[in-house]
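Student: Given next are the chains, with one letter for each unit.
2 protein chains.
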Amino acid sequence: MTKMVEVRVPNGFSIRRIQKQDYEGVIKTLSILTTVGAVTEKQFGSIVEYWDTQKLPKGDVYKYNPYVIVEDSTGKVAATGNVIIEQKLIHECGLVGHIEDIAVGSEFQGKKLGALLINKLTEVGLESGCYKIILDCDPKNVAFYEKCGFHTAGVEMQIKANL
Amino acid sequence: MTKMVEVRVPNGFSIRRIQKQDYEGVIKTLSILTTVGAVTEKQFGSIVEYWDTQKLPKGDVYKYNPYVIVEDSTGKVAATGNVIIEQKLIHECGLVGHIEDIAVGSEFQGKKLGALLINKLTEVGLESGCYKIILDCDPKNVAFYEKCGFHTAGVEMQIKANL
Chain A
1 MTKMVEVRVP
11 NGFSIRRIQK
21 QDYEGVIKTL
31 SILTTVGAVT
41 EKQFGSIVEY
51 WDTQKLPKGD
61 VYKYNPYVIV
71 EDSTGKVAAT
81 GNVIIEQKLI
91 HECGLVGHIE
101 DIAVGSEFQG
111 KKLGALLINK
121 LTEVGLESGC
131 YKIILDCDPK
141 NVAFYEKCGF
151 HTAGVEMQIK
161 ANL
Chain B
1 MTKMVEVRVP
11 NGFSIRRIQK
21 QDYEGVIKTL
31 SILTTVGAVT
41 EKQFGSIVEY
51 WDTQKLPKGD
61 VYKYNPYVIV
71 EDSTGKVAAT
81 GNVIIEQKLI
91 HECGLVGHIE
101 DIAVGSEFQG
111 KKLGALLINK
121 LTEVGLESGC
131 YKIILDCDPK
141 NVAFYEKCGF
151 HTAGVEMQIK
161 ANL
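In the order they appear, the protein sequences are chains A and B.
Everything in the first sequence is counted per UniProt numbering, starting at 1 for the first residue and increasing by one.
Everything in the second sequence is counted per UniProt numbering, starting at 1 for the first residue and increasing by one.
Since the hints were derived computationally from the structure, they do not count as laboratory data.
Do not rely on the hints blindly, as some may be mistaken.
The list cannot tell twin chains apart, which means a pair is met if one copy fits it or any two copies do.
As the list claims (entries may be wrong) - When the alpha-carbon atoms are kept at most 20 angstroms apart in a straight line, the in silico EDC-like pairs for lysine to aspartate or glutamate are as follows:
1) K20 with D52
2) K160 with E100
3) K88 with E100
4) K112 with D138
5) K28 with E100
6) K160 with E146
7) K132 with E100
8) K112 with E146
9) K140 with E71
10) K76 with E107
11) K132 with E41
Quantities reported herein were computed from a predicted structural model and do not represent experimental measurements.
Whole structure, please, built from the sequences with the hints as guidance.
Tutor: This is how it looks when you write it as structure tokens:
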């Protein structure tokens, strides 16, 4: 049994699904991770709406599970991440959770919010019925994910569009 | 620019989206890859229907793109694979294609059908607007995907459900 270390939500923080009002905080936090580019509040709202309306064939399971950790006193977004649930044929029409776009705000580093986020997204995926949760990471982050209970499983390969 | 080698469809074969009648051939082919387990024809039909009805916010783009290569003279499924398109916020509300569940039937090995399938799924993903296509593979298959135009990009991490 793979042991996943339980991480408690620190005092003064909450963890919940992304809502439309999180626009500024989510865009700012994701910008630490990678290029976000020009995303208007309207576009953000449309994507959140889309994420909130996609369900899987087996009942009340969201396909997209975008989460934020917010600082209660200020309402600031401290961290964000997503787990996308894929419907397969293999493993008896099984489900696999893909963790994506994990980012922790620079002023919120060092509080184990990354581990909390991974813990929560993994829990959401497993409770939705996933037989496994996977993610791709930079080699320098392997130790962090091992502490979260993950193990190395393969190599990520990529091809980019020509722009 | 990453050069993707064009692979032509060999004489006597066709490549197309999965249909309900592909039930036996797809289950048999996927069983080479991994555990498929008990999947009835009815369940298969429901999953295919689900895959055929999921679209992305931006217009006429399928979320799921399950393909088969079939042998024309016998109707046999020679190979199968999927590219799942994920809606992100980053990269200006960008799309990423995830290639999954690539399998070539044992009697159809050695005809470059795997490369053809990867080529087709990548093309479908890029034409749908993906800024990149990614997949996870066993280290022993890295050379194959490099020949298909992919490069190593990270480490796949995994956690399994307790059963």
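Student: So which of the earlier hints does this model not fit?
Tutor: Per hint list: 9, 11 violated.
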